[in-house]
Amino acid sequence: MKSLLLGSAALAMTASFALADTVRLGTEGAYPPYNFINDAGEVDGFERELGDELCKRAELTCEWVTNDWDSIIPNLLSGNYDTIIAGMSITAEREEIVDFTQGYTPPSPSAYAAMSDGVDLEGGIVAAQTATIQANHVVSTGATIVEYPTPDETVAAVNAGEADAVLADKDFLEPIVSSTELMFVGEDVMLGDGIGMAFRESDAELRGKFDAAIATMKEDGSLNTLIEKWEVGGTW
Amino acid sequence: MRPAIFSFCSDPASLDTFRWLTCYLSTGKHMGFYVSFGTVLLLLAITAPLALAFGFGGAIAARAQFAPLAWFGKGYIAIVRGVPDIAFFLFFVIALDQGVEWLRHQVKCPDWDEPIRQGNDFIVCSVAKMPLNSAPQWMHEVYGFALAVLTFAIVFGAFAANVLYGAMRAVPRAQIETAEAYGMNRRQSFWRVLVPQMWVYALPGLSNLWMVLIKATPLLFLLGVEDIVYWARELGGSKTPQFTDYPHPDWRMWYFLALLVFYLAFTKLSEVVLARITRRLSYGQATVAGAAQGNGKGNGKGNGPGTGRGHDKTEGTLA
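Protein chains in written order, with the numbering used here: chain A, 1 to 236; chain B, 1 to 319.
The set of hints was computed from the structure by calculation and includes no laboratory data.
The beta-carbon is built from N, C-alpha and C at its ideal position, and this holds for glycine as well.
Each hint should be verified, as a subset may be incorrect.
Some chain B residues close to chain A (C-beta under 10 Å, calculated; not the full set) [said to hold, decoys possible]:
1) L90
2) D111
3) I123
4) S134
5) L222
Can you make the complete structure from the sequences, with help from the hints?
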């Protein structure tokens, strides 16, 4: 009898293990305040807190994975992780390959930052991160673009004089402008349709869970609280 | 808020330079950096012998008398040597990973009726995932590391195969003929005469490969392994005070300088060790270096080849 009980307990345990499949969240870890690696070497930032809360609400076990921005979509498609939560703006171009949840931040402005005022933003050299909406925008303005694999390198390029200005999300540039010699120049530009989580197109079920969790966070105002805490653009 | 090793690290902004640096260099993030040096060394320690084994196998296959095996060996050498490393690393690893998952899928989920490729997506049933989604992160890292080792071994194995193939042909024909004269069969003369003698011819080529392998380790990051170059870039990038206790401007130069010192020191050490191995392997060999060594030692002992040559000379004058 006792062994029977033990046996069924073991069975129940394996069954629950099989059910509790971990959801792997892919992020870049180089884009404060959205996501970055903190001093302890862990993923931190607005999206870390948001992702953890969403997983709690959707009753999922989640794990964080970092991946280079360049290959972040291919690695999602080949199944290395299950979703991208990395400050990725919702665009029509990306919608063709992946599916997004509703935006968890409203469309936010991108801005130019430079060492001095009066930089030629349409004829000069502008730095942007590879495969971003900002990079696409720079190309459309007629400026010469220099692309870098990480956001940090785009800023370093301006400091080193390799580029006249950098175009990036304003929320990303804000802390840098406030603590270094860089300054905002020109007009802000509105790009993209807000930031969402990206899923494989075949993964509608998981996307639905996160989409619903985002909706509840919008309703009870906790998403706005998070946005204000990390200063990532406008609230809902 | 964060566990620090030194108790005075709780408020870094108030510290003097030395203590600040002590705290800064002992953050969890820096520990990741230090560990990654171990990762690189471990990769080299596993990859080098494995690549040598691949090379040895490839060389034996290439000189096999059974034609298909020779084609396979020569094909392996030609194809892998011809494909750019970076293309190989990007394509092959994804293909290998998907191949493994496809095989597991065929075995574990025979009833699955959905297609594996849906548009851009590659989907196998969840129990066929490698490693499982529910596996802890370290298992994913070990798996990524294993893929990296295998890829490096295949690439460098092809180069090593070419080197060994050449080295086997460089062993003087007379040595094999002598072995045959002693009645050794093909297998015996290969293992007892050819293999022990070929290393000295292979060593210059192999030492080049070892040096290139050391410097190729930053390709690890392409494979998702967080290596020293990844950490140097991450740690060196400028940090604003909002997101760290240790804000600093762009320090990448210093981090990459440290990497430069590491690589130079490591390649220097390798050169010393390789020179020693060359000396060791040359001893008693039918090469210029081997003969020179043989003379030196022989004279010292008083009854080596040197003495023999003395006799020759005497005989010469007599005649």
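When the hints from earlier in the document are held up against this structure, which numbers fail? 2
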